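Taken in order, these protein sequences are the chains called W and B. The letter at position 87 of the first sequence is residue 87 when you use the numbering used here, and the numbering goes up by one with no holes. The letter at position 73 of the second sequence is residue 73 when you use the numbering used here, and the numbering goes up by one with no holes.
Hints in this document: simulated from the structure, not taken from any laboratory. It should be emphasised that the depicted structure is a prediction, and the values quoted were computed from it without experimental measurement. A few of these clues could be false.
Below, computed lysine to any residue pairings styled on SDA-like, alpha-carbon distance capped at 25 angstroms [what the hints assert, rightly or not]:
1) Lys37/B <-> Gln2/B
2) Lys101/B <-> Ala52/W
3) Lys5/B <-> Asp38/W
4) Lys101/B <-> Tyr64/W
According to the in silico footprint, chain W covers these stretches of chain B (three or more CB under 8 angstroms from chain W) [as the list claims (entries may be wrong)]:
5) 40-54
6) 101-111
Note that the Cβ used here is the ideal one computed from N, Cα and C, for glycine as well.
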Amino acid sequence: NAGVTQTPKFQVLKTGQSMTLQCAQDMNHEYMSWYRQDPGMGLRLIHYSVGAGITDQGEVPNGYNVSRSTTEDFPLRLLSAAPSQTSVYFCASSYSARGQGYNSPLHFGNGTRLTVT
Amino acid sequence: DQQVKQNSPSLSVQEGRISILNCDYTNSMFDYFLWYKKYPAEGPTFLISISSIKDKNEDGRFTVFLNKSAKHLSLHIVPSQPGDSAVYFCAALDLIQGAQKLVFGQGTRLTINP
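Model the full assembly from the supplied sequences, consistent with the hints where possible.
Now the structure itself:
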């Protein structure tokens, strides 16, 4: 099992460019989410999905789009990159989304380090 | 507004001694808490959790204590080992419309000195 796979590992963008961060999991997990990690801020939830075809906003959704067309994949799209989006992005999944998640902790990928100049 | 706070950005402990990492929260509706450990260039990994119906949970060298009245939890590592050097995140489980969301603290960097 590969677990949660994120690509690319590193990316440099110019302001205004768009890109997609890829996330795939092979554990048949129902729940997937995107977090960003910034110094002194911990991890903050961007978007999440409780199943294929269902997505919702987290704490810091502005400037990002997501879709969930399959159980396995949950890409994060930056529409027009800004320097404030320089961060480390983590995708995470868990077996259950609905409270049964008490015994279903999040599994994280190894992150994508994004720099916007 | 930070609902989960880890007020110590860093902690240095001698190998073999006890490491105590602290976490405070403000939302009294939180009823499940988790600790994650993160090494450089890797994603966080789940370490230990505790439900609000308990005040203590042990797993080997790791023990988490919960004081609901003080809205405070702590992670104890005994004895501390060099491999424990990492960033530790405290998190609270927030259930909104049936979907779980983890609210994380800022993290504490633990360094174990030989």
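The hints, checked one at a time:
no. : hint                 : result
1   : Lys37/B <-> Gln2/B   : holds (20 angstroms)
2   : Lys101/B <-> Ala52/W : holds (17 angstroms)
3   : Lys5/B <-> Asp38/W   : holds (15 angstroms)
4   : Lys101/B <-> Tyr64/W : holds (18 angstroms)
5   : 40-54                : holds (count 8)
6   : 101-111              : holds (count 7)
The structure fails none of the hints (numbered hints given earlier).
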